[in-house]
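Those protein sequence lines, which keep their order, are chains X and W. Using my numbering, read the first sequence as starting at 1 and increasing by one per residue. Using my numbering, read the second sequence as starting at 312 and increasing by one per residue.
No lab work stands behind these hints: they were computed from the structure. Just so you know, even glycine gets a beta-carbon here, dropped at the ideal spot from N, CA and C. Please note: incorrect hints may appear among the correct ones.
Now the stretches of chain W that chain X is said to cover, found in silico as 3 or more residues with beta-carbon under 8 Å [what the hints assert, rightly or not]:
| no. | region |
| --- | --- |
| 1 | 374 to 384 |
| 2 | 406 to 416 |
Straight-line distance between alpha carbons at most 30 Å, and here's what the computed BS3-like set of lysine-lysine pairs gives [claimed, not checked]:
| no. | chain 1 | residue 1 | chain 2 | residue 2 |
| --- | --- | --- | --- | --- |
| 3 | W | Lys537 | W | Lys462 |
| 4 | X | Lys182 | W | Lys416 |
| 5 | X | Lys308 | W | Lys416 |
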Amino acid sequence: MSRAVALHLGLIAALFAAQFVLPTYHQGNVARIMVLATYAIGYNVLFGYTGLLSLGHAMFFAAGLYGLALPIQHLGWGAGPALLSGVAAGALLALVVGLLALRTIGVAFMIVTLMFSQAFYLSVLLAGTWTRGDEGFVIPAAKQVLFGIDLATPTTRYFAALALFSLALLATLALVRHPFGKTLIAIRENEERARMLGYDTFRHKLGAVVISGAISAGAGAGFALLFGYAGATFASVQYSIFPLLWVLLGGAGTVIGPLIGTLFIFYLIDYASGLTDAYMAVVGVVLVALTLFAPQGIAGELRRRVWKGLP
Amino acid sequence: MLRVEAINSGYGNAQVLRDVSLDVAAGEILCLMGRNGAGKTTAMKTIMGLLPLMSGRITLDGQDVGRLPAHEVARAGIGYIPQGRRLFTELTVAQNLEIGLMTRKSGPHVRTRVLELFPRLSERLNQRAETLSGGEQQMLATARALCIEPKVLILDEPTEGLQPSMIEAIRDVVVRLRNEGVAILLVEQRVDAVLALADRVAFLENGILAETVTPERMRTDAALLKRYLGV
Numbered sequence: 001m002s003r004a005v006a007l008h009l010g011l012i013a014a015l016f017a018a019q020f021v022l023p024t025y026h027q028g029n030v031a032r033i034m035v036l037a038t039y040a041i042g043y044n045v046l047f048g049y050t051g052l053l054s055l056g057h058a059m060f061f062a063a064g065l066y067g068l069a070l071p072i073q074h075l076g077w078g079a080g081p082a083l084l085s086g087v088a089a090g091a092l093l094a095l096v097v098g099l100l101a102l103r104t105i106g107v108a109f110m111i112v113t114l115m116f117s118q119a120f121y122l123s124v125l126l127a128g129t130w131t132r133g134d135e136g137f138v139i140p141a142a143k144q145v146l147f148g149i150d151l152a153t154p155t156t157r158y159f160a161a162l163a164l165f166s167l168a169l170l171a172t173l174a175l176v177r178h179p180f181g182k183t184l185i186a187i188r189e190n191e192e193r194a195r196m197l198g199y200d201t202f203r204h205k206l207g208a209v210v211i212s213g214a215i216s217a218g219a220g221a222g223f224a225l226l227f228g229y230a231g232a233t234f235a236s237v238q239y240s241i242f243p244l245l246w247v248l249l250g251g252a253g254t255v256i257g258p259l260i261g262t263l264f265i266f267y268l269i270d271y272a273s274g275l276t277d278a279y280m281a282v283v284g285v286v287l288v289a290l291t292l293f294a295p296q297g298i299a300g301e302l303r304r305r306v307w308k309g310l311p
Numbered sequence: 312m313l314r315v316e317a318i319n320s321g322y323g324n325a326q327v328l329r330d331v332s333l334d335v336a337a338g339e340i341l342c343l344m345g346r347n348g349a350g351k352t353t354a355m356k357t358i359m360g361l362l363p364l365m366s367g368r369i370t371l372d373g374q375d376v377g378r379l380p381a382h383e384v385a386r387a388g389i390g391y392i393p394q395g396r397r398l399f400t401e402l403t404v405a406q407n408l409e410i411g412l413m414t415r416k417s418g419p420h421v422r423t424r425v426l427e428l429f430p431r432l433s434e435r436l437n438q439r440a441e442t443l444s445g446g447e448q449q450m451l452a453t454a455r456a457l458c459i460e461p462k463v464l465i466l467d468e469p470t471e472g473l474q475p476s477m478i479e480a481i482r483d484v485v486v487r488l489r490n491e492g493v494a495i496l497l498v499e500q501r502v503d504a505v506l507a508l509a510d511r512v513a514f515l516e517n518g519i520l521a522e523t524v525t526p527e528r529m530r531t532d533a534a535l536l537k538r539y540l541g542v
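In isolation and in its complexed conformation, chain X is listed as follows:
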């Protein structure tokens, strides 16, 4: 087993063990962080490894959220099939958006993804009859059951979040070690060169959008299922910016970066809001400092200073 695999399995083991020592309050937080970090992992596939900056990932997260919540609410589906439909909704949306948005590059790609995402957000509001818009709706506790396990208790919720996160983490680790992932990195470094070596870069980028969208949707579906709520806020532009921040601070293009970034910002906000009402000012200063002194993000700095082979 290589050092990289050992590190990531060790991280999962540490998170597993943490459940037994963390106080209830933090246990709930970490469960939430793991689901959001899964979202960040999905974002990182596209941004960190392929070099495409999307400003519209909230639509994929929300596609997973509603792809799970709507069939449960209106069609009476169970959690299992609803989870699958959530991921499928995200992957399908990503395929369509990717086919159109990838005709552009750079700033235009950012704008086009932002526009698609806003259109999605407004559609959620327009379909208020079913989605109940901003107000959202609660998924009944009776439906938060998967394979006979009640996911609404703190302990099972924690382990379910860990399972979701581990799956995404190990999947990206496998992806970046696979030829497909290596080609994505080559495209990030120099797309035209990759083409001149015989790679169909459009298809690779489209694949990256779909994988990224599917993982983000998995996180959205997991979020709705574990925390029992779906609302339009999760489709708003704010939720497109969050994963960008988490990934940037944690370290774009590293497998563990998304978790580090999500954990860091979550607890930074948590801690700062205990100090002052103007907690966003504290968060802002820390973000500026990190951008100045660790432009590669936390895991990026680790890679630079400690271990160059960090995947």
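Given chain X, work out where chain W should sit, using these hints.
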């Protein structure tokens, strides 16, 4: 091997190449010369499928490659090393080569052969490409292009800005590849390099292929250089 027949191409509405025809045989080095703006780089980009063909035909061993998307031109067996090297700078030497090898799923013998051509690279396998010297970067760019085992190799001023010993090393490899039967299309500005390497020399002038001559003719006819290169 590579045959270009009466191609017209350019950027959008601005036509650059007019009815350019040339061919490179296996085991031959054809040098393309011309002033700045004559259309040398445009010609190469058109062959590689990076610029659309307005009319004309490009074939490789009889197979039409003129209208293929760029990545399929490379897959068909045309390697292109652009000016200014362009590596995957954050990746190591080994990773850069690996990306090249993966395209056609080339086996380990290709890697061994490529490293044997450029022994310096085997000492630097785990070094990031951006930390290499200019000459080593050119070696890596060439080595990576060779990973797809091209039948035709297109080089755009490979020795520009390099120290003499490096120029020598790169030239040796180009000659060796020629002797192994690769067709080589070389864009070069330096007359001495062309005289030393070329089997034939083609002059481009304002997007038109003016004349194709032997190096002997170039050596003896000073008016030729005056006319096409202004030197």
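Verification of the hints:
no.: 1; hint: 374 to 384; in the structure: holds (count 4)
no.: 2; hint: 406 to 416; in the structure: holds (count 7)
no.: 3; hint: W:Lys537 / W:Lys462; in the structure: violated, 34 Å
no.: 4; hint: X:Lys182 / W:Lys416; in the structure: holds, 14 Å
no.: 5; hint: X:Lys308 / W:Lys416; in the structure: holds, 27 Å
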